[in-house]
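Engineer: The primary structure of each chain is shown beneath.
2 protein chains.
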Amino acid sequence: MPNSIEVNSNLSVDCVIFGFDGERLNVLLIEEKDIGQGLLRKRLPGDLIHKGEGLDEAANRVLFELASLKNVLLKQCHTFGDPHRVNDEKDKKWLEIYRNNPEERVVTVSYYALVKMANFVPNPASFAGEALWQNIQDIPELAFDHNEIVEVALWKLQRHFELSKIGYELLPSKFTLNQLQQLHEAITQEELDKRNFRKKIVREKIIEATDEKQEGVLHKPARLYRIKPGQSALGN
Amino acid sequence: MPNSIEVNSNLSVDCVIFGFDGERLNVLLIEEKDIGQGLLRKRLPGDLIHKGEGLDEAANRVLFELASLKNVLLKQCHTFGDPHRVNDEKDKKWLEIYRNNPEERVVTVSYYALVKMANFVPNPASFAGEALWQNIQDIPELAFDHNEIVEVALWKLQRHFELSKIGYELLPSKFTLNQLQQLHEAITQEELDKRNFRKKIVREKIIEATDEKQEGVLHKPARLYRIKPGQSALGN
DNA sequence: ACAAAAGTGTTCGGGATACACCCATGC
DNA sequence: GCATGGGTGTATCCCGAACACTTTTGT
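Chains as they are written, first to last, in my numbering: chain B, 1 to 236; chain P, 1 to 236.
Rather than coming from a laboratory, the hints here were simulated on the basis of the structure.
It is possible that part of the hints are untrue.
If chains are identical, the list can't say which one is meant, so a pair holds when it fits in one copy or spans any two.
The calculated DSS-like cross-link candidates involving lysine-lysine, where the alpha carbons are at most 27 Å apart (straight line), are [unchecked claim]: (1) Lys205 / Lys116; (2) Lys116 / Lys174; (3) Lys165 / Lys205; (4) Lys70 / Lys42; (5) Lys93 / Lys165; (6) Lys194 / Lys228; (7) Lys156 / Lys75.
Let the hints inform the model, and build the full structure from the sequences given.
Structural biologist: What follows is the structure, encoded as structure tokens:
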């Protein structure tokens, strides 16, 4: 694939973009258009790093090109550089089509991001393929070593989440405690007790009740909460 | 510096080797011989990655060449690839001397290791300079972005240490509870209460008492403990 | 009145923390 | 006998886990 921008042909970034829909956690995958060679496996969005471009910068660029998103939590995760990380025949064919020197070992730096799916509007022109959300429970065999990259990213996201209270940016600005609980359950992949969860959240003093309530629901409306002023929504 | 081995000229590893001497935590630094150009800053041991060599493999090679050490905890830490990570004049001069294309941006994958200083016998031939231990409290200004690499490595080591009980390999095979406490204090950089520490350790059931005691000390000899058979000394 | 989700308290066990004195040994 | 580190117990607080019923609203 000819490219007029100068790139580092052996350095790439891959982004594991976790999306929350209010209920479950999903990962953004790219599905190539079938170009008649049976190269059907899905993969993570990623790109070679441009000359003069930083790693974080490249990851942010991929995310921006893909969905015009800026300022989301985007953390470096792990770097994969096994010289044999590409050993499947389908992957090799793909490289022959899209890369200038398909034999070269490519080191990829993986990043993960956490976004609200409703905000995420994929830009169809950004990849030679289609973007789709895949439930975290149900990820198929991916190209290259991308299954491993997703696993590591999920693990790190979970560790990060349990240490520093990130994730509020995935909720509306006023939200119910149940929505918050669903977010926690989606990320940790565990069920939580409603009462214990609420006690814990109250203890943390990060959110506060408003005097508004849900509207338009067919049951008792829940009280809405918001992040307390002065609490940064972005973790470290 | 001509090199007959084929290398990836834009990929390196740097190793943050933490050493424990029974009392404090240190970092291994390389001090170049002064070649009359005032290139006096210390740096981390590291090297370009060879063609066909994996990242972990390269880090292990550096550690092995430096001290003939194998099978130590060596974990990938973070990847640094800012195109301007080399902007000091001294660093640029150093690159002109030691690298074929000193202008190229080099991405470095950092690793950290945790070793017992007594086991560590530096191999003088392995670097064009001298290896020295520097107390973690007292690290000077280093070359390139190596101060930042050390900081990140220490932070990750501490997080790793508090989650999964690593570090027993830094003690003799039979050790006193005080030695173990000093290890914890050196890594976490915090003081601990003796009684509470002992209760906690007992609860974890990773070590057990032997019926041996210290010898040759000028006070009441302490009981010696060992890791219970079947407990892996290596963390994950 | 019924369906659906909201909201609420108590008990138990275990771990974290704070704190001070006697003990065994070598010299 | 004295200096040096070794070794021990108790009380408090907070947190995590387990667990079931009443309330409010829309239809």
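Engineer: All hints, please: hold or fail.
Structural biologist: Each hint tested on the structure:
1. In this assembly of identical chains, the alpha carbons of Lys205 and Lys116 lie at most 27 Å apart only when taken from the same copy (23 Å versus 43 Å across copies).
2. For the homomeric pair Lys116 and Lys174, the shortest alpha-carbon distance inside one copy (14 Å) is at most 27 Å, but the shortest distance between copies (53 Å) is not.
3. For a Cα distance limit of 27 Å, the shortest separation of Lys165 from Lys205 inside one copy, 11 Å, qualifies, whereas the shortest one across copies, 31 Å, does not.
4. In the homo-oligomer, the alpha carbons of Lys70 and Lys42 lie at most 27 Å apart inside one protomer (24 Å), although the nearest pairing across protomers, at 38 Å, exceeds that limit.
5. For a Cα distance limit of 27 Å, the shortest separation of Lys93 from Lys165 qualifies neither inside one copy, at 43 Å, nor across copies, at 44 Å.
6. In this assembly of identical chains, Lys194 and Lys228 lie within 27 Å of each other by CA distance solely inside one copy; the values are 21 Å within and 40 Å between copies.
7. Proximity of Lys156 and Lys75 under a CA criterion of 27 Å is satisfied in both settings, with 10 Å inside one chain copy and 14 Å between copies.
Taken one by one, the earlier hints fail for this structure only at number 5.
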